[in-house]
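Asks: One-letter residues, chain by chain:
10 protein chains.
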Amino acid sequence: MITQRQQVTDMIISAKVLKSIKWSNVAQEVGLSKEWVTSGCLGQMAFNKQQAEKIGQIFDLSDEAVAWLQIVPYKGSLPTSIPTDPLIYRWYEVVSVYGTTIKELIHEEFGDGIMSAIDFSMDIQRENNPNGDRVNVVLSGKFLPYKSY
Amino acid sequence: MITQRQQVTDMIISAKVLKSIKWSNVAQEVGLSKEWVTSGCLGQMAFNKQQAEKIGQIFDLSDEAVAWLQIVPYKGSLPTSIPTDPLIYRWYEVVSVYGTTIKELIHEEFGDGIMSAIDFSMDIQRENNPNGDRVNVVLSGKFLPYKSY
Amino acid sequence: MITQRQQVTDMIISAKVLKSIKWSNVAQEVGLSKEWVTSGCLGQMAFNKQQAEKIGQIFDLSDEAVAWLQIVPYKGSLPTSIPTDPLIYRWYEVVSVYGTTIKELIHEEFGDGIMSAIDFSMDIQRENNPNGDRVNVVLSGKFLPYKSY
Amino acid sequence: MITQRQQVTDMIISAKVLKSIKWSNVAQEVGLSKEWVTSGCLGQMAFNKQQAEKIGQIFDLSDEAVAWLQIVPYKGSLPTSIPTDPLIYRWYEVVSVYGTTIKELIHEEFGDGIMSAIDFSMDIQRENNPNGDRVNVVLSGKFLPYKSY
Amino acid sequence: MITQRQQVTDMIISAKVLKSIKWSNVAQEVGLSKEWVTSGCLGQMAFNKQQAEKIGQIFDLSDEAVAWLQIVPYKGSLPTSIPTDPLIYRWYEVVSVYGTTIKELIHEEFGDGIMSAIDFSMDIQRENNPNGDRVNVVLSGKFLPYKSY
Amino acid sequence: MITQRQQVTDMIISAKVLKSIKWSNVAQEVGLSKEWVTSGCLGQMAFNKQQAEKIGQIFDLSDEAVAWLQIVPYKGSLPTSIPTDPLIYRWYEVVSVYGTTIKELIHEEFGDGIMSAIDFSMDIQRENNPNGDRVNVVLSGKFLPYKSY
Amino acid sequence: MITQRQQVTDMIISAKVLKSIKWSNVAQEVGLSKEWVTSGCLGQMAFNKQQAEKIGQIFDLSDEAVAWLQIVPYKGSLPTSIPTDPLIYRWYEVVSVYGTTIKELIHEEFGDGIMSAIDFSMDIQRENNPNGDRVNVVLSGKFLPYKSY
Amino acid sequence: MITQRQQVTDMIISAKVLKSIKWSNVAQEVGLSKEWVTSGCLGQMAFNKQQAEKIGQIFDLSDEAVAWLQIVPYKGSLPTSIPTDPLIYRWYEVVSVYGTTIKELIHEEFGDGIMSAIDFSMDIQRENNPNGDRVNVVLSGKFLPYKSY
Amino acid sequence: MITQRQQVTDMIISAKVLKSIKWSNVAQEVGLSKEWVTSGCLGQMAFNKQQAEKIGQIFDLSDEAVAWLQIVPYKGSLPTSIPTDPLIYRWYEVVSVYGTTIKELIHEEFGDGIMSAIDFSMDIQRENNPNGDRVNVVLSGKFLPYKSY
Amino acid sequence: MITQRQQVTDMIISAKVLKSIKWSNVAQEVGLSKEWVTSGCLGQMAFNKQQAEKIGQIFDLSDEAVAWLQIVPYKGSLPTSIPTDPLIYRWYEVVSVYGTTIKELIHEEFGDGIMSAIDFSMDIQRENNPNGDRVNVVLSGKFLPYKSY
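Protein chains in written order, with this note's numbering: chain A, 1 to 149; chain B, 1 to 149; chain C, 1 to 149; chain D, 1 to 149; chain E, 1 to 149; chain F, 1 to 149; chain G, 1 to 149; chain H, 1 to 149; chain I, 1 to 149; chain J, 1 to 149.
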């Protein structure tokens, strides 16, 4: 009996390790970005029927698991509010060190409001560099203004 | 007597509001990016002598304050570990929802290691869009591999 | 020297008590809803120049304070992450007890996405009732869908 | 052996996904609002015998599970005190940003007291809107005054 | 400038120590129970005009302070969520050790609902006892049922 | 293998729901107050041999479970330090709002010391009332003075 | 204006450093143990009139401060719930590592109940030892049994 | 498969309850103090081979479990950083209330340094007393000075 | 089904106890430092194929477990953010007590930046010493400067 | 009036910035290591009279401040339990990622016990390296064994 999306994520991760599946290949087969597809496989997004069935084939999932992939999950992928994993912590650190800077500059350009994390996309790329390759990430979020009423 | 960088940040913020100074203009005068200069003014970076004196002129700071701008600060700009401000929270949410995705994709491309938050830069731009303008942010961080020893 | 919006909020609150000003009257003079105007006076919204000057007159604020009212504040009005005040706690309790219900019903109707807290308005009214008057609150937030990309 | 209501909630959720049951249909069959019935199915309310048996039929529950549906549960539906799920967080954010505003306006209208979260109802509706449909939520809670004694 | 009720509480406490005032006498002069009056003096309740003026006389408060006594305060009297003071901790311990017991017995008698902490009173008395005097406390709170809707 | 008292509590709760047992009847059969017996069944008190065997009969427990009922448990019945359940939270709120009041009044009457939570009893009763029935709770705890040495 | 016992503690500490006063001498003059007198000077106990006046003479305190020494303080001497100071942390560690051991052995000897921290005394002594001197601490607390009722 | 010392502690506790074993008898058989042996059985100390085998006989442990008793465990016996159990909490309270006192008096006698919690022993005894028996605990820890370098 | 690296760590630990394997021998067989190899076995590093297979032989792991050893783990080896284990706590204490000192001295020598915890190695050695042997640890981390941009 | 060591630390930091004093020069004048002297200046160690007077001269401190330098401080130099400053966080991360490794290897070499953080010294050096200079830190702590008793 599946009672939480986490169980499906566990099945996907287990199959991925056993079969050496790559996220970028999964994304290609689904026909969407690797960022969105991976976050879906990790239990953060809901797939539509067709996408879920494709994911089910790739990872050999049961029909019940495929049904769960189409349910909106309870989101949040980290076990602690301050992440312990060094790679993810660096992102937390960017928010901590640059948070007020980001706030000031977006407000200076747009006024009061936020950069949406829903109408949002992310693109992660390798940038070759003689001093050591770099990770380049483009975040794009719609600006949503606070309006008086 | 100044005993913490926060006092200098307070002076800068107070002068900024009174004189309607813009961060982008400060950055232009200092000759560096608005992201780095703003984070420095907000107490997260150390300026060199020349930069500090320029900042001092713009915000009418005392010599003591200008000396403090050249001291490496205790970093971290947020009052709580989970930010309450909606704009900054959205960034925390991106880390929470996409954290494991970012981890998987960087490891798939680069192997074990991290994206540096020190050898790092950020560029925030407005993107005009008929469905509502967007905030585009490019993050660039050197990949640092874990090596066995 | 004003270095934080909280100082201006303190001035407003102090004047309000001394002069027995009512939020609904302030709202009327500003020409907007009592909900938005009050949250602005309590340091959660940025006013435009004209609004700020009106607020300044009502509460006898200095020019510096009026300038601060036009700056986007660091939002979040509560001293602890779980509120201790009984009235505000009841709202936290609604989120705790009904949170998953709200999530299920919005997803059932709209699919994956959120109800915006930015493109959002609130209206608080008294409802006369023979069994004891009731507080009626209407919350209206734009639905923002997660989209695949 | 069932030892916690959560186990019954798990059974309900599991059956719901497998059989594509809709909360609004469950509510209709039970003859009450979708908000109250859903919160009960999610383990936050106690059903009476007749309601519990109806729920039991819909979700194919054992007699033991049906008995548990009639027991008052330990309430609180969220795994962390600050919710990580974006939809639910937006509600937490409303409490954080507007909490003091709600407090001021209810006190201005009613004096000292609270808006009950027990003698309380909620109604969630879609509002069609050319700029994007909206979620409209009406919260109704009895005002309970603090009285001197 | 008074900006928080805490400042008035400080004035009251300071005067109380200097003048050796007793809470029971204050209550007598105000004509209400010692429990309610003390909690008001400690910043947890709002007084009406006449009560506030009487309190003002007893503790030699300024008009501004007397005005503040009539404002509904942000409630919650403890500096930490788990109290460190041994006397208050014992009450927290009662909630921790007997919390589920209280819940079971009230539900067994009344069904689903709560014992109100708003429509509530408390009476603290000394009970002489040859084995050592006892503190007897009577708590009385209206039962508020959850109702289906 | 039973390794924690919680397992026995689970068995008791499970049997109670299946057999519709009432705490007040259990107490009657054991011959003690419903408050103490219930807290014992919920894993907060140790029973003597005779009491444990009686409890064992009522709930059909194994000999091992009956042995565990006679072991002093690790006390504390709540899953979080600030309870999420509304009924129990109201008691936490009483401690939060009235904590300093209780402290002041007990010290005024008794001097420095505490009201014991060990040499302690509690009695919960329904009080019929035309404005809605009330929960009346009498707490009785021995006063224990701090003594100089 | 003194509004908290902490201010008096600050005065005592400040005078102690300036005048090189020793706690053991203070205790001798007051005629009680160094443990109790020191904890009182550090704001954890209430002195009687005579003791407070003696303390006042030793540390040159104002009459207002002497009055405060006779008021029961809000107890708890540490700034964080897990102490950062190494000497005090070692005591916290003893509770963490040996806590369940202490519980088991006291229950084995006495049955269910606690060792009082109110009817309690402490004696700290140096023990000369060729392998390095030792700190010997004797804690004595009355056993308080839980009784059924 | 045993993967954590906690599993062995569970086996010991389970056997102890079933067979009514006393810690003091275990200690006698092992030939060491009841404090050290109990803390070892509760998973806080490592036994040598001979001690482990003796413990294994007493509690009927498997060879694998006996092997685990000889492994240094991850120490810390409490489920929360502030203990909820009343007996153990009283010790936490002693640290909280007397922590700064202990610090002052040890420093006054010994200078800067700590009382070791490693080169440490504890002895718990019953003291008969007409006013109620007392728990007497002697803690002995080597003083370790901070030295300049 | 293996779904988390922790399961593989459990298998390794279990085999290590049963077979009395030493980390230093494992490291020798793998041909790398004991520090890096141990942290990998404890689930903090990813092994390459050859290393993983060697580890698999030593600890008798399944092919699935060996596959998991080559996956980058979610790092962070401690169950609480402030470690309870005395040995590990002493390291936390070093960070707490000497943290600002380390920061000042590295900045004095190198300017703004950090000591990498990724391009990092550690070497732990016993130092014989007549006053008691010492643990000597050498930490080596690349200095990474913050650069303006 | 100085009431806390932090005030003296503030004076030292303020003078250091104004006069561009280097910690290594202070250490040289005091005649001890830069690590110990800096930690003392930052409020973590107690100086003897001669050292304190030398520090007083260097930083132009008052006699009262010099007296405070000789008092054992309440230790712990960080404002949050998980440090936000990137340089200090990296050390916290080392404890988090390598904590269990350090524990295993010290126990393998020495048996049960700890590496002292009191009988401890630290030496921080720059290591020139063509791939980027490194920070080398040697930590030396006495091994303290747990002994049975």
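Everything labelled a hint here was simulated from the structure, so no lab data went into it. Mixed in with the good hints there might be a few duds.
Said to hold, decoys possible - Here are the simulated lysine-lysine pairs, DSSO-like style, with alpha carbons at most 27 Å apart:
id: 1; chain 1: G; residue 1: 22; chain 2: G; residue 2: 49
id: 2; chain 1: H; residue 1: 16; chain 2: J; residue 2: 19
id: 3; chain 1: F; residue 1: 147; chain 2: G; residue 2: 147
id: 4; chain 1: G; residue 1: 147; chain 2: F; residue 2: 54
id: 5; chain 1: C; residue 1: 22; chain 2: D; residue 2: 147
id: 6; chain 1: A; residue 1: 22; chain 2: C; residue 2: 147
id: 7; chain 1: D; residue 1: 49; chain 2: F; residue 2: 147
id: 8; chain 1: D; residue 1: 16; chain 2: E; residue 2: 22
id: 9; chain 1: G; residue 1: 22; chain 2: J; residue 2: 49
id: 10; chain 1: C; residue 1: 49; chain 2: A; residue 2: 54
id: 11; chain 1: F; residue 1: 19; chain 2: F; residue 2: 54
id: 12; chain 1: E; residue 1: 22; chain 2: F; residue 2: 147
id: 13; chain 1: H; residue 1: 54; chain 2: J; residue 2: 147
id: 14; chain 1: I; residue 1: 54; chain 2: B; residue 2: 49
id: 15; chain 1: B; residue 1: 49; chain 2: J; residue 2: 19
id: 16; chain 1: D; residue 1: 49; chain 2: A; residue 2: 49
id: 17; chain 1: G; residue 1: 22; chain 2: H; residue 2: 142
id: 18; chain 1: D; residue 1: 54; chain 2: A; residue 2: 54
id: 19; chain 1: A; residue 1: 147; chain 2: B; residue 2: 49
id: 20; chain 1: F; residue 1: 54; chain 2: E; residue 2: 147
id: 21; chain 1: A; residue 1: 16; chain 2: A; residue 2: 49
id: 22; chain 1: D; residue 1: 49; chain 2: C; residue 2: 147
id: 23; chain 1: B; residue 1: 22; chain 2: C; residue 2: 49
To be verified - Distance windows between CB atoms, simulated:
id: 24; chain 1: H; residue 1: 21; chain 2: D; residue 2: 31; range: 31 to 41 Å
id: 25; chain 1: J; residue 1: 125; chain 2: G; residue 2: 111; range: 53 to 63 Å
id: 26; chain 1: H; residue 1: 79; chain 2: G; residue 2: 133; range: 51 to 61 Å
All figures in this text were calculated on a predicted structure; none of them were measured in a lab. The beta carbon of each residue, even a glycine, is placed where N, CA and C say it ideally should be.
Asks: Are the hints correct? Go through all of them and say.
Replies: Each hint, compared with the structure:
With a CA separation close to 22 Å, the supplied pair residue 22 of chain G and residue 49 of chain G stays within the 27 Å bound. For the suggested pair residue 16 of chain H and residue 19 of chain J, the alpha carbons sit about 68 Å apart, so the restraint of at most 27 Å is broken. Of the pairs offered as hints, the one joining residue 147 of chain F and residue 147 of chain G holds, with about 24 Å between alpha carbons and a cut-off of 27 Å not exceeded. About 18 Å separates the Cα atoms of residue 147 of chain G and residue 54 of chain F, which keeps this hinted pair within 27 Å; it holds.
For the suggested pair residue 22 of chain C and residue 147 of chain D, the alpha carbons sit about 23 Å apart, so the restraint of at most 27 Å is met. Straight-line distance between C-alpha atoms of residue 22 of chain A and residue 147 of chain C comes to about 23 Å, which keeps the hinted pair within the 27 Å bound. Of the pairs offered as hints, the one joining residue 49 of chain D and residue 147 of chain F is violated, with about 57 Å between alpha carbons and a cut-off of 27 Å exceeded. Between residue 16 of chain D and residue 22 of chain E the CA atoms are separated by roughly 62 Å; this puts the pair beyond 27 Å, and the hint is violated.
With a C-alpha separation of about 17 Å, the suggested pair residue 22 of chain G and residue 49 of chain J falls inside the 27 Å cut-off, and the hint holds. For a cut-off of 27 Å, the pair hint linking residue 49 of chain C to residue 54 of chain A is broken: about 55 Å separates their Cα positions. With a C-alpha separation of about 16 Å, the suggested pair residue 19 of chain F and residue 54 of chain F falls inside the 27 Å cut-off, and the hint holds. This hinted pair checks out: residue 22 of chain E and residue 147 of chain F have alpha carbons roughly 23 Å apart, not beyond 27 Å.
Simply put, residue 54 of chain H and residue 147 of chain J have alpha-carbon atoms about 18 Å apart, close enough for the 27 Å limit, and the pair holds. Between residue 54 of chain I and residue 49 of chain B the alpha-carbon distance is near 55 Å, which puts this suggested pair outside the 27 Å criterion. For the hint pairing residue 49 of chain B with residue 19 of chain J, the CA-to-CA distance comes to about 15 Å; that is within 27 Å, so the pair holds. This hinted pair does not check out: residue 49 of chain D and residue 49 of chain A have alpha carbons roughly 37 Å apart, beyond 27 Å.
The hinted pair formed by residue 22 of chain G and residue 142 of chain H meets the criterion: a straight-line CA distance of about 23 Å does not exceed 27 Å. This hinted pair does not check out: residue 54 of chain D and residue 54 of chain A have alpha carbons roughly 36 Å apart, beyond 27 Å. A C-alpha spacing of about 42 Å is found between residue 147 of chain A and residue 49 of chain B, which places the hinted pair above 27 Å, so the restraint is violated. At most 27 Å may separate the alpha-carbon atoms for a hinted pair to count; residue 54 of chain F and residue 147 of chain E exceed this at roughly 37 Å.
Of the supplied pair hints, the one linking residue 16 of chain A and residue 49 of chain A holds, its CA atoms being roughly 21 Å apart against a limit of 27 Å. A hinted pair counts as satisfied when its Cα atoms are at most 27 Å apart, and residue 49 of chain D with residue 147 of chain C does not qualify at roughly 42 Å. Distance restraint check for residue 22 of chain B and residue 49 of chain C: the Cα-Cα separation of roughly 17 Å lies within the 27 Å cut-off, and the hinted pair is therefore satisfied. Our hint of 31 to 41 Å for residue 21 of chain H and residue 31 of chain D is violated, since their Cβ atoms are close to 58 Å apart.
Checked against the given bound of 53 to 63 Å, the beta carbons of residue 125 of chain J and residue 111 of chain G, roughly 60 Å apart, stay inside it. Distance hint check: the CB atoms of residue 79 of chain H and residue 133 of chain G are about 36 Å apart, inconsistent with the given range 51 to 61 Å.
Comparing the model with each earlier hint shows violations of hints 2, 7, 8, 10, 14, 16, 18, 19, 20, 22, 24, 26; every other hint is respected.
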